[in-house]
Each structure stands twice: as structure tokens, then as C-alpha cells.
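Just so you know, the sequence shown maps onto residues 1 to 524 in our numbering.
In short, the hints are calculated from the structure, not lab data.
Don't take every hint at face value.
Pair ranges (Cβ atoms, derived) [stated by the list, open to error]:
no., residue 1, residue 2, range
1, Gly-209, Tyr-524, 26 to 36 Å
2, Thr-152, Gly-242, 20 to 30 Å
3, Glu-407, Pro-169, 21 to 31 Å
4, Asn-345, Ala-459, 54 to 64 Å
5, Asn-139, Ser-316, 44 to 54 Å
6, Asn-428, Lys-340, 18 to 28 Å
7, Cys-243, Asn-428, 32 to 42 Å
8, Ala-339, Gln-467, 20 to 30 Å
9, Gln-315, Ala-335, 23 to 33 Å
Note that the coordinates shown come from a computational prediction; the quantities given were computed from them, not determined experimentally.
Backbone N, C-alpha and C define an ideal beta-carbon position, used for all residues, glycine too.
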Amino acid sequence: MTPPQQHIGRPRPRAGTGRVRRVALIGVVSVLALGLAACGSRLNGTALTMAEGSGSGGGTGTVGGGAGQSLSASPSGTTPAAGPAVGSTGGSAGTAGSAGTAGTAGSSGSAGGSGTAGSSGAATTAAGGAAPAAAAACNASNNGGASDVGVTANQITIGNIASISGVAPGLTQSAQQATVALADYVNSQGGICGRMLKVAPYDDQNDAGQNSADATQACSSNFALVGSASGFDNGGASAISGCGIPDVAAELSTHEMGNVATSFGASPGNAHYWSTGPAVYLKSKYPGAVTNAAMIYLNVPATQEQAASEMSAYQSVGFKYTYVTAVSPTEPNYAPYVAKMQSANVQYVSEYSDDNSAARLVQAMAQANFSPTVVDFFSEEYSANFLAESQGDANNALVLMATAPYEEASSNPGLQLMESWLNRVAPNAHHDIFAEFAWSAGLAFVQAARAVGPHLTRAALIAQLKQIGTWDGGGVQPPDTNFGQKIPSNCFAYFKINGSSGYSRVDPAGAGHYDCTSGSLVHY
Numbered sequence: 001m002t003p004p005q006q007h008i009g010r011p012r013p014r015a016g017t018g019r020v021r022r023v024a025l026i027g028v029v030s031v032l033a034l035g036l037a038a039c040g041s042r043l044n045g046t047a048l049t050m051a052e053g054s055g056s057g058g059g060t061g062t063v064g065g066g067a068g069q070s071l072s073a074s075p076s077g078t079t080p081a082a083g084p085a086v087g088s089t090g091g092s093a094g095t096a097g098s099a100g101t102a103g104t105a106g107s108s109g110s111a112g113g114s115g116t117a118g119s120s121g122a123a124t125t126a127a128g129g130a131a132p133a134a135a136a137a138c139n140a141s142n143n144g145g146a147s148d149v150g151v152t153a154n155q156i157t158i159g160n161i162a163s164i165s166g167v168a169p170g171l172t173q174s175a176q177q178a179t180v181a182l183a184d185y186v187n188s189q190g191g192i193c194g195r196m197l198k199v200a201p202y203d204d205q206n207d208a209g210q211n212s213a214d215a216t217q218a219c220s221s222n223f224a225l226v227g228s229a230s231g232f233d234n235g236g237a238s239a240i241s242g243c244g245i246p247d248v249a250a251e252l253s254t255h256e257m258g259n260v261a262t263s264f265g266a267s268p269g270n271a272h273y274w275s276t277g278p279a280v281y282l283k284s285k286y287p288g289a290v291t292n293a294a295m296i297y298l299n300v301p302a303t304q305e306q307a308a309s310e311m312s313a314y315q316s317v318g319f320k321y322t323y324v325t326a327v328s329p330t331e332p333n334y335a336p337y338v339a340k341m342q343s344a345n346v347q348y349v350s351e352y353s354d355d356n357s358a359a360r361l362v363q364a365m366a367q368a369n370f371s372p373t374v375v376d377f378f379s380e381e382y383s384a385n386f387l388a389e390s391q392g393d394a395n396n397a398l399v400l401m402a403t404a405p406y407e408e409a410s411s412n413p414g415l416q417l418m419e420s421w422l423n424r425v426a427p428n429a430h431h432d433i434f435a436e437f438a439w440s441a442g443l444a445f446v447q448a449a450r451a452v453g454p455h456l457t458r459a460a461l462i463a464q465l466k467q468i469g470t471w472d473g474g475g476v477q478p479p480d481t482n483f484g485q486k487i488p489s490n491c492f493a494y495f496k497i498n499g500s501s502g503y504s505r506v507d508p509a510g511a512g513h514y515d516c517t518s519g520s521l522v523h524y
């Protein structure tokens with residue numbers, strides 16, 4: 001039997017935002033030329049994009065290509081060596097526009113040039129006003145100097161914890177690479193009040209104990225954590241809460257981290273919210289399948305919490321689970337689990353795991369000729385790795401998207417910007433949701449830091465992060481996430497897996513579109 005069409009790459013809206021699968025991991029809006037708003041301004045994702053030169057008041061010179069620096073603990077933002085153009089040809093700086101008026105676009109340069117981005121217009125051009133007076137005082141010669149841990153007159157050190165080695169090698173490495181790319185981009189624009197960003201990379205090895213050790217080290221030497229992504233962030237929750245370091249994460253994976261007052265996430269986590277939108281959609285399309293559902297999850301804290309929260313929310317709109325089981329992250333044989341689902345005539349299969357485990361599941365299903373009506377994956381399976389590992393056995397499976405799809409970058413300037421800088425830092429980086437969420441988190445960090453003004457402190461940054469409302473990461477994630485209040489978006493899209501070749505949009509139709517009206521956010 002040919003497997004019925006399933007939603008592609010679905011990063012589950014975690015607590016409403018998009019639940020991303022992880023090996024204990026759970027789970028973006030592009031910002032066009034983040035020449036970032038001037039210090040002292042407070043802009044949401046859309047206004048920030050305008051202040052960066054894509055709106056009125058700023059020039060639009062493009063950045064020339066060049067080979068970026070490799071990921072290391074050395075300062076980010078060094079000038080890339082000459083190399084092939086990435087994304088666009090170099091251009092000279094666009095002329096700064098006067099407050100509220102459009103600047104002259106930067107002229108195009110030759111490929112691989114070193115043109116800088118057009119300078120932004122007034123910080124409040126979105127509203128047509130002039131830049132606040134505080135902006136003029138926020139520069140390299142008057143920025144408060146060494147104002148807090150990890151902050152000097154010319155540098156801000158930020159940490160990033162990702163799961164790179166261990167049971168799921170490379171799982172969230174793209175989040176660390178995207179954070180370095182964001183730092184390089186910001187540094188190319190003059191940094192934050194003249195201070196350059198330096199990324200201190202950590203690898204928690206997919207282990208809660210190591211995550212705790214990394215967080216403890218970051219507390220003592222880094223100003224903030226930015227763009228972190230790990231299914232084992234429960235390990236570092238106590239250290240982060242205790243030292244008060246701002247944590248602007250790609251995603252908050254566990255309830256423990258979601259409840260830390262100083263932690264925020266581009267994907268806010270499911271400690272308090274879950275979206276029923278995908279469940280309402282699935283029930284309308286496959287009413288018979290969702291009443292005979294199966295949930296398979298890895299036996300680790302993040303995925304256990306994700307599975308429990310989702311089942312509770314989905315049951316509230318009519319899902320019935322007839323088979324639920326936990327599986328070891330290192331389980332090599334999924335045949336016994338498939339046999340039980342087949343015996344129970346399960347028609348809807350969902351799971352919380354890493355891409356390797358998901359590949360073993362679909363391979364076992366194919367070997368048993370088990371073809372349920374719907375196979376519904378989270379966004380961890382939105383990656384080239386999963387397509388290669390599953391060898392076509394996930395054909396027609398659905399994926400719940402929690403970020404903007406890379407397939408639609410041609411109509412998403414913010415995603416193009418992220419990709420161009422990510423390609424400089426790590427040309428072979430995985431195009432997955434972790435990179436997008438990390439980039440989004442980095443933009444939020446920079447916006448808040450610039451809003452603080454000259455005297456940058458952890459407390460002042462946290463206060464500004466709390467004031468960020470509606471957020472879409474510049475276009476790399478669905479709209480309507482309330483960043484400061486940690487309320488996820490109720491918006492989602494479904495894609496379908498096309499064998500080993502890629503992903504295609506299923507619903508809603510139209511590039512860049514999301515379903516924001518089905519279901520609602522369940523508050524715990």
C-alpha cells in the first residue's frame with residue numbers, strides 16, 4: 001500500500017511555537033540587513049528590519065562575499081579573507097538617509113568585493129521619527145567600558161552551548177555555527193556600541209552533566225548565553241538560575257529551563273503552553289486516523305515532556321492514543337515497536353526523537369510493510385541528514401514546520417541574509433531549524449543590548465529582553481511569538497517529504513504562509 005500523504009518536516013509548535021524533536025531536544029524570521037537599530041531604541045522584529053536599511057531611511061549597499069572564519073573560541077567578526085561572493089556581489093555603503101526618508105542604495109561592486117552594508121537611517125524610521133538622543137552617545141568612545149562579566153570597552157563575550165558530540169553527533173551544531181555567523185554579521189556593522197562580539201563555544205556532548213558544567217563556566221566568564229540548543233538543557237538550568245546570566249537560547253527544551261527567569265528562547269519551550277492548531281488541522285483532514293494514534297518518544301527528559309504535553313493538548317481536541325511507548329536513544333531495532341502498532345491497526349504515528357532514531361523507525365515500518373494513514377514528524381526531521389538516513393522510506397510523511405523553510409528563501413530576504421553569513425562561517429552547515437532559531441535568538445540579543453545603551457549589564461539586558469513583544473526573528477520563524485513573555489506562536493505550516501529528494505509545502509498554500517487560526521494555545 002502506498003503510504004498516504006503526510007505532513008513534512010513539522011517542528012512541533014512547542015508550547016505553541018513549534019515542537020522540535022531532539023535526542024532529548026526540542027526544538028525563526030529573517031532580519032534584512034540587521035544594521036540593527038541604534039542604541040537606546042526598542043524595535044520589534046519588523047521595525048528592526050526597517051531600521052536595518054530595508055525600510056525608509058537607510059541605504060541598501062550589499063555585503064561582498066568572502067571566506068568566513070572557522071568556528072573557534074577566537075573573537076568573531078574578523079574581516080573575511082577574499083573569496084567567492086556569497087549570495088550577492090559586494091557593494092559600497094549606501095548613503096544614510098535622513099530620518100524618515102529613504103537612503104540611496106549602495107552601488108553594486110564586483111563579485112567577492114568587500115563592500116559594507118548600507119548604513120541605516122534613524123532608529124525610529126518605522127515610525128517616521130528621529131533617532132533618540134541616547135543613540136549618539138552609544139559608540140566605541142563612550143560605551144561604559146568594562147560594565148559587567150564578559151564585557152570590556154571593545155568586546156562582549158557570549159557563550160553558546162550546543163550538542164555536537166555524544167549519542168547524536170552534530171545534532172545542534174548548526175545552532176552554534178549560526179551564532180558565530182550572527183556575531184560576524186553584527187561585527188561587520190560595527191558591533192554593539194563599538195564592542196565586537198566574541199563567541200565562546202561549548203559542547204555538552206548530549207549530556208545533562210556536561211551541560212551543567214558548560215553553564216557554570218559560562219556564568220563566570222561570559223556576559224550572556226546566546227543561541228544555545230540542547231535537549232539536555234535541564235542540566236544547566238540550576239547554574240543559569242543561580243548566577244543570573246541572561247540566556248537567549250535558540251530553544252528552551254525542558255520545563256526546568258523554561259522556568260528559569262533569565263532564560264528566553266526563539267522557541268520558548270512547552271513549560272506553560274502548547275498549540276492545538278496542528279491537531280485541529282489533522283483531525284479535519286484525517287478524522288479516522290487520529291482516533292487510533294501512536295506516540296513514540298525517546299526515554300530522556302526533553303522528549304518525555306514534549307510527548308506528554310502534546311498528547312494532553314491533542315486529546316483535548318479528539319485524538320485517541322492506542323499505543324504509547326518510550327525508546328532508548330541507542331535502540332537499534334524498531335521492529336518490535338512497529339509490530340505492536342501494526343497489530344493494533346494504528347493509523348497515525350508521531351514520535352519525538354533525533355533524526356537517526358526517526359530513520360530507524362521508518363526503515364522498520366518499510367520492512368514490515370506498515371503504512372499508516374499519517375506519519376507525522378517534527379522539525380528535527382527537516383534536514384538533509386534525515387533524508388539521507390531514511391533512504392526514501394519516509395516518503396510522503398508529514399513534517400510540522402516551526403521555522404521558515406529553506407526552500408522558500410528566494411522570497412524571504414531575512415532567510416537569505418542568514419544563509420549568506422552562515423555559508424561564510426560553515427559552508428557545509430546543515431540547513432535545519434536549529435540554525436534558524438539560533439539566528440533569531442541572536443537578533444533578539446542584539447536588539448536588547450543596543451536598547452540598553454552605553455552601560456551594558458546583565459540586569460539591564462534582561463529588562464530589555466522582557467520588553468520584546470511580537471517576534472518573528474526577522475522572518476526565519478512564524479510570526480506572533482511573544483519573546484519577552486515566552487509565549488509561543490500559534491502559527492504553523494505542514495510540509496511533505498519527497499523520498500530522498502527534499503520537502504514540499506502541503507498547507508497552507510503559498511510561500512511564506514502559516515496557519516494561525518486553527519486551534520489555540522493551551523495554557524498549563
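Hints, one by one, checked against the model:
1. Distance hint check for Gly-209 and Tyr-524: the Cβ-Cβ separation is about 28 Å, which falls inside the suggested range of 26 to 36 Å.
2. Between Thr-152 and Gly-242 the beta carbons are some 24 Å apart, a value that agrees with the proposed interval 20 to 30 Å.
3. Take Glu-407 and Pro-169: their Cβ atoms lie about 26 Å apart, and the range 21 to 31 Å holds.
4. For Asn-345 and Ala-459, the Cβ-Cβ distance of about 57 Å falls inside the hinted range of 54 to 64 Å, so the restraint holds.
5. The hint said 44 to 54 Å for the Cβ distance between Asn-139 and Ser-316, and at roughly 53 Å that hint holds.
6. A hinted range of 18 to 28 Å is violated for the C-beta pair Asn-428 and Lys-340, which are about 39 Å apart.
7. For the pair Cys-243 and Asn-428, the beta carbons lie near 35 Å from each other, so the given range of 32 to 42 Å is met.
8. For Ala-339 and Gln-467, the Cβ-Cβ distance of about 53 Å falls outside the hinted range of 20 to 30 Å, so the restraint is violated.
9. One distance hint, 23 to 33 Å for the beta-carbon pair Gln-315 and Ala-335, holds here, with the actual separation near 28 Å.
Against the hints set out earlier in the document, violations occur for numbers 6 and 8.
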